[in-house]
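With the sequences and hints as input, model every part of the structure.
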Amino acid sequence: MIEFRSVSKQFPDGTLAVDDFSLTLPSHRTTVLVGSSGSGKTTLLRMINRMVDPTAGSIEIDGVDIASLEPVKLRRSIGYVMQNSGLLPHRKVVDNVATVPLLRGVPRKKARADALAMLDTVGLDRALADRYPSQLSGGQQQRVGVARGLAVNPNILLMDEPFGAVDPIVRAELQQELIRLQTELGKTVVFVTHDVDEAFLLGDQVVILQEGGRIAQIGSPADILAHPANDFVASFIGADRGKRVLHVERHDGRDVLVDSDGRLAGVLVGDSAPGQVGVSR
Amino acid sequence: MTWVWANLDLIWDRTLDHLILSVPPIILSFVIALPLGWLANRFRFSRGAILTASGLLYAIPSFPMFIVLPALVGTTLRSPLNLVIALTIYGVALMVRVVADGLASVDADVQRSAVAIGFSAWTNFWQVELPLSGPVLLAGLRVVAVSTVSLATVGAVIGAQSLGSLFTDGFQRGIQAEIITGIVATVLLALLLDGALVAAGRLALPWTRVRKAVKADARLRLPVEVTP
Ligand SMILES: Nc1ncnc2c1ncn2[C@@H]1O[C@H](COP(=O)(O)OP(=O)(O)OP(=O)(O)O)[C@@H](O)[C@H]1O
Ligand SMILES: [Mg+2]
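Chains as they are written, first to last, in the numbering used here: chain A, 1 to 281; chain B, 282 to 509.
Don't take every hint at face value.
[Unchecked claim] Cβ-Cβ distance ranges computed for the label pairs, FRET-style:
{"id": "1", "chain 1": "B", "residue 1": "Thr-356", "chain 2": "A", "residue 2": "Leu-69", "range": "50 to 56 Å"}
{"id": "2", "chain 1": "A", "residue 1": "Arg-214", "chain 2": "B", "residue 2": "Val-491", "range": "43 to 49 Å"}
{"id": "3", "chain 1": "A", "residue 1": "Ser-22", "chain 2": "B", "residue 2": "Tyr-339", "range": "41 to 47 Å"}
{"id": "4", "chain 1": "A", "residue 1": "Ser-36", "chain 2": "B", "residue 2": "Leu-337", "range": "38 to 44 Å"}
{"id": "5", "chain 1": "A", "residue 1": "Lys-110", "chain 2": "B", "residue 2": "Val-479", "range": "33 to 39 Å"}
{"id": "6", "chain 1": "B", "residue 1": "Arg-359", "chain 2": "A", "residue 2": "Arg-108", "range": "48 to 54 Å"}
In short, the hints are calculated from the structure, not lab data. All figures in this text were calculated on a predicted structure; none of them were measured in a lab. Cβ coordinates follow ideal geometry from the N, Cα and C atoms, glycine included.
Structure below.
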């Protein structure tokens with residue numbers, strides 16, 4: 001469990017990136033921080049592995065104040081995946097994945113063998129192991145990034161817009177892969193994105209952020225969609241427009257769902273429980 | 282040419298002397314420039330001071346340097362060590378800026394992610410920053426190598442035997458073939474060291490050779506749009 005207690009971060013230039021932020025992130029669940037650019041998502045994420053230290057408040061991991069932990073050691077125990085993969089361009093794929101285990105003193109042979117197995121886990125062909133990152137597609141690089149993040153079997157995985165720079169088709173693939181991995185591994189995932197759809201797809205708990213890391217709403221995707229806390233949230237998640245606003249139209253004896261742009265979203269299937277709507281595409 | 286065949290032993294000896302005079306300064310200037318260049322790159326206040334100081338070193342004319350050095354370091358006036366030290370100073374003067382620029386050329390995202398996954402400052406320097414600045418360092422080292430080999434010829438004037446001795450001797454005794462041999466051998470030696478550095482770079486920086494092919498490949502693929 002990760003706990004933010006009244007955390008603030010003011011950068012030396014005076015920018016108040018995070019202002020009195022408190023949040024509990026449950027273990028083995030995915031918490032998604034979503035908000036527009038500059039809302040403090042990255043700053044919050046980096047505070048968890050002490051890339052950034054708060055100027056006020058404290059952060060605890062499983063009851064331990066991380067200010068008391070040695071930053072380098074802490075970082076080696078937490079997986080980190082970022083946009084554009086952040087892979088080391090001078091190391092082959094397998095060595096990139098083995099990087100942190102090697103830093104932690106795992107013998108080279110074992111680290112490499114484990115790294116190869118980790119490639120299987122994230123759905124990468126072992127034939128890619130001896131390539132350099134520049135020889136991979138963007139999607140493959142992100143998979144290697146995820147493999148590297150998981151290589152030390154960390155409890156916590158931090159992901160900063162990991163799929164932000166790949167095309168929509170590959171992104172959907174990577175999202176499904178992450179969902180599959182998460183059902184198998186049950187990590188405490190902290191995922192940052194500014195894509196609401198991605199947040200709702202991946203998050204058990206979704207945190208909608210405004211400027212200064214102010215929390216607009218916390219809840220499950222269904223909670224937020226059903227009861228947006230205020231106009232900001234409603235407009236941010238698009239609850240008032242487009243594909244999120246569906247109405248039923250009768251067509252040839254069946255109920256068809258149509259969104260506010262007049263696009264067909266699916267059909268209403270009859271045998272769902274009261275109050276539940278099944279949409280099939 | 283007959284002079285060359287008659288004096289192969291002499292040429293070989295002077296070549297070895299020349300190598301012994303020039304290789305240590307090349308290596309030393311790299312080793313010494315490494316921490317200085319790191320310091321110059323690391324802090325804003327140190328950057329200006331270190332780069333200016335190293336630039337000034339290069340501006341010292343060589344003859345005064347040869348005369349002052351023995352007094353400063355306590356060597357005798359005709360010791361070959363003077364030359365090694367002087368060449369090292371010139372090499373450092375060039376290399377410090379190269380190291381600073383090389384370290385600055387490392388992609389900021391890569392560095393940040395290295396720190397994020399748990400590289401300490403020390404491991405980050407040796408395992409990430411240094412190898413990634415390799416191409417820039419290599420380019421700088423090649424300049425230092427060639428200029429050191431050429432500068433080492435002045436050793437002849439202050440009593441350190443080198444290929445330069447062939448042309449001072451050739452001048453004094455009026456043997457044109459000896460002068461030309463000295464010049465040609467110096468150039469060949471410079472090319473040889475340069476080639477050795479390039480070869481070492483190929484071995485040490487294997488990832489730099491794959492990049493071009495992929496970039497060309499990416500350019501071919503980029504215009505393909507995915508339309509729904
Ligand atoms: N090192 C820094 N020094 C000064 N200001 C900073 C620094 N890092 C971030 N900021 C500022 O803090 C605020 C929050 O930045 P942060 O990177 O956390 O936003 P973000 O939500 O991750 O945005 P994005 O979606 O664009 O990645 C911004 O106003 C940013 O300009
Ligand atoms: Mg960010």
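Check the structure against each numbered hint from earlier and tell me which ones fail, lowest number first.
3 and 4
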